[in-house]
Amino acid sequence: MGEDAESPKINHTFLRDYVTEADVISTVEFNQTGDLLATGDKGGRVVIFQRETESKGESEEVGETGDSGEYNVYSTFQSHEPDFDYLKSLEIEEKINKIRWLPQQNAAHFLLSTNDKTIKLWKVSERDKRPEGYNLKDEEGRLKDISTITSLQVPVLKPTDLMVEVRPRRVFSNGHTYHVNSISVNSDGETYLSADDLRINMWHLGITDRSFNIVDIKPANMEDLTEVITAAEFHPHHCHLFVYSSSKGTLRLCDMRASALCDKHTKLFEEPEDPGSRSFFSEIISSVSDVKFSHSGRYLLTRDYLTAKVWDLNMDKGPVETYQVHEYLRSKLCSLYENDCIFDKFECVWNSSDSVIMTGAYNSFFRMFDRETGRGVTLEAWRESSKPRAVLRTRRVYTGGKRRRGDVGVDSLDFTKKILHMAWHPSENIIAIAATNNLYIFQDRVNPETQAQ
Amino acid sequence: MEVSAEAKRIMIVALGKLYSSRTQRGGLRLHRSLLLTLVMKSARDMYHAAQATTGSVASGCEQQHYTAEPHPELQGPAYPATGKPRISPREEVVGPPTGAEDKENLCPTGPAQHSRKRRGKAAVEPDFLPCKKAKLEQGSCPQQLAVNPLLMDYAKCSSELGAPPTPMPLQRAIAAC
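Going line by line, the protein sequences match chains A and B.
Going by our numbering, the first residue of the first sequence is number 8, and it counts up by one from there.
Going by our numbering, the first residue of the second sequence is number 62, and it counts up by one from there.
Please keep in mind that the hints were generated in silico from the structure rather than gathered at the bench.
Just so you know, not all the hints are guaranteed correct.
Below, a list of computed lysine-lysine pairs in the DSSO-like style, where the Cα atoms sit at most 30 Å apart [unchecked claim]: (1) B:Lys102 / A:Lys255; (2) B:Lys69 / A:Lys95; (3) B:Lys69 / A:Lys274; (4) B:Lys102 / A:Lys324; (5) B:Lys102 / A:Lys339; (6) A:Lys95 / B:Lys102.
One side of the interface only, derived from the structure: several residues of chain B facing chain A at Cβ under 8 Å [as the list claims (entries may be wrong)]: (7) Ile73; (8) Arg86; (9) Gly87; (10) Gly88; (11) Arg90; (12) Leu91; (13) Arg93; (14) Leu95; (15) Leu96; (16) Leu99; (17) Val100; (18) Ser103; (19) Met107.
Pair by pair, the computed Cβ-Cβ distance ranges are [what the hints assert, rightly or not]: (20) B:Ser81 / A:Ser362: 39 to 45 Å; (21) B:Ala113 / A:Pro433: 52 to 58 Å; (22) A:Ser362 / B:Ala113: 50 to 56 Å; (23) B:Ala113 / A:Glu345: 53 to 59 Å; (24) B:Ala113 / A:Lys271: 36 to 42 Å; (25) B:Ala110 / A:Val327: 32 to 38 Å; (26) A:Glu277 / B:Ala113: 42 to 48 Å.
Bear in mind that the values here come from a model prediction, so they are computed numbers and not experimental data.
C-beta: ideal position from N, C-alpha, C; glycine also.
So that you can see chain A by itself, here it is in the shape it has in the complex:
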């Protein structure tokens, strides 16, 4: 690797394309219907995109069903501000760690957004009518002179330009000592969980001054600490089940019916370590960065530094499928440790039918694996190589053998271009990929790709 003519890419991104730290996208999430897509960034802002439903006259796709599929900005608001913990003299970052939508119950949409410490519930509602014809106020809202009023009228609602209002409805604060890494809405529609490094709390959406601690792995002596919680999620259908992952690479399934405090797991999912592959960095690369239930609720998808694994809830001895995301990095772990990349937390997602899984990598690459064939494909989210409506071409990282045109050498990979956050539409083949400060939305018009790598 690296003996080719390609010189290592010098990262000129900073000069050519100045990215404000605050604009870096830190989370992406579709709502349950897929009509809305929310992104959160490091600056504490949330941007909501809405899918256009009217088919445009000049749609060029043949056979297109009603939806043009374009997502346009629907609303933007500042969710969290930088904060300060005076007791500990610590800054609290405003970066949005996670956004989760609530199932829609009426015309308004609700979402939860969280930074390191505080979770907020936001109500997103539309207003497209306004009352006109007040008796005591004029059009601008100024009080009328009573002597000029000669008759009474009933105010009527008149259509007006669409206005999207976002208001904070609840603020769930002071629930966490450590940094919140996950939130997950329960299928009961009333509660949600929030997880930090050592504890998981359950909240009721209507109650902000109390939360119920359901997992606490903090040891009596912090010097005995050996693992932390890295992600947590409720089961999609069973409101009493949730899973949490740890930095040791284990998954714990907990049943809230068993006891009030779910420190003792109902099931522990662990893969025995391969002693042959032990290195200095074994602990770091085995830390699970994301865990997701499949839509069916039967499987779990986890991501650690080099692999993505599918687990069957009925089998705790090990994963049923393991996908190598970027195995070529295994020999580079020392440099990745020095430049901090080894600590990157990649997310992973299921497609709507649980037949394809997707996760991110470096160099603006992301990977999709077809579970049926076991084959993976590498795609790129990079402006210069994808024009709107162009077909995404598959990419390859050169790891030996015959080198094809367009292959990228491992030493040429740009490790500053990492795809950490992504989302898959709940029912269609539309994906949203966050690449630093850019959001890419890709749609599949035909079928899921099944090309060989």
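With the hints as your guide, set chain B onto chain A.
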């Protein structure tokens, strides 16, 4: 030999990262600190294992890299045997790396037993001053140690292994950051 050199490098880098994480926005990240500590422990164990196996062959050339004397005799002014005072080029790396801001978020290995005193970012207390709680678990060590609290842990652990530890001088660690 390569293993021990790599292990040493990894430990130095881990120390540097732990130090710099104190000044990171958002406070100490527990997960990251834990992983760094695990890497350091792992590297330290491998380093000592490599040292033990290579034994006297290595010790001859390795020792000259170290300016410290064997463990029980470590004292403040004697520690940097080169005679240079223990200076830190950057203020923020002085003092216990994690004990300062957040007791709950302490680095899990070691600093807890030292200096509960809150130290601000600009604390310049030199390391060669004796720590108040420099108490070791092995035998008799009445002298107060000037070893940085983070390194205390592997000094402690090394004694459990039985091999005489050769802690890195702090200025090497800082230089590598």
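Outcome of the hint check:
A hinted pair counts as satisfied when its Cα atoms are at most 30 Å apart, and Lys102 (chain B) with Lys255 (chain A) qualifies at roughly 15 Å. A threshold of 30 Å between alpha carbons decides the hint, and for Lys69 (chain B) with Lys95 (chain A) the separation of about 33 Å lies outside it, so the pair is violated. For the suggested pair Lys69 (chain B) and Lys274 (chain A), the alpha carbons sit about 39 Å apart, so the restraint of at most 30 Å is broken. Under the criterion of a C-alpha separation no larger than 30 Å, the hint pairing Lys102 (chain B) with Lys324 (chain A) is consistent with the structure, at around 28 Å.
For the proposed pair Lys102 (chain B) and Lys339 (chain A), the alpha carbon gap of about 20 Å is at most 30 Å, so the pair holds. In summary, the hint linking Lys95 (chain A) to Lys102 (chain B) is supported, as the alpha carbons are separated by about 28 Å, within the 30 Å threshold. With 8 Å as the threshold, the beta carbon of Ile73 (chain B) stays out of range of chain A, its nearest partner Cβ sitting at about 10 Å, so the hint is violated. About 5 Å separates the beta-carbon of Arg86 (chain B) from the nearest beta-carbon of chain A, less than 8 Å, and the hint is met.
The criterion of a C-beta within 8 Å of any C-beta in chain A is met by Gly87 (chain B), whose closest approach is roughly 4 Å, and the hint holds. Evaluation of the Gly88 (chain B) hint against chain A yields a held restraint, the C-beta minimum of about 4 Å falling below 8 Å. Evaluation of the Arg90 (chain B) hint against chain A yields a held restraint, the C-beta minimum of about 7 Å falling below 8 Å. Proximity of Leu91 (chain B) to chain A holds as hinted, the smallest CB-CB distance being about 4 Å (cut-off 8 Å).
Annotation: interface hint on Arg93 (chain B) holds; nearest CB of chain A at approximately 6 Å, less than 8 Å. Annotation: interface hint on Leu95 (chain B) holds; nearest CB of chain A at approximately 6 Å, less than 8 Å. Annotation: interface hint on Leu96 (chain B) holds; nearest CB of chain A at approximately 5 Å, less than 8 Å. The interface hint given for Leu99 (chain B) is met, as the beta carbon of that residue sits about 4 Å from the closest beta carbon of chain A, less than 8 Å.
Residue-level restraint check for Val100 (chain B) holds (minimum Cβ-Cβ distance to chain A is 6 Å; threshold 8 Å). Checking Ser103 (chain B) against chain A: minimum C-beta separation of about 5 Å stays under 8 Å; hint holds. Interface restraint check for Met107 (chain B): the shortest CB-CB distance to chain A comes to about 7 Å, inside 8 Å, so the restraint holds. The given range of 39 to 45 Å is respected by Ser81 (chain B) and Ser362 (chain A), whose C-beta atoms sit roughly 44 Å from each other.
Between Ala113 (chain B) and Pro433 (chain A) the Cβ separation comes to about 57 Å, which falls inside the hinted range of 52 to 58 Å. Separation of Ser362 (chain A) from Ala113 (chain B) is about 52 Å and conforms to the stated range, judged on CB atoms against 50 to 56 Å. At roughly 27 Å, the beta-carbon separation of Ala113 (chain B) and Glu345 (chain A) lies outside the given 53 to 59 Å, and the hint is violated. Hint check: Ala113 (chain B) to Lys271 (chain A), Cβ distance near 39 Å, so the stated range 36 to 42 Å holds.
Distance hint for Ala110 (chain B) and Val327 (chain A): a CB-CB separation of about 36 Å, consistent with the stated range 32 to 38 Å. Hint check: Glu277 (chain A) to Ala113 (chain B), Cβ distance near 31 Å, so the stated range 42 to 48 Å is violated.
Checked against the numbered hints listed earlier, the structure breaks hints 2, 3, 7, 23 and 26; every other hint is satisfied.
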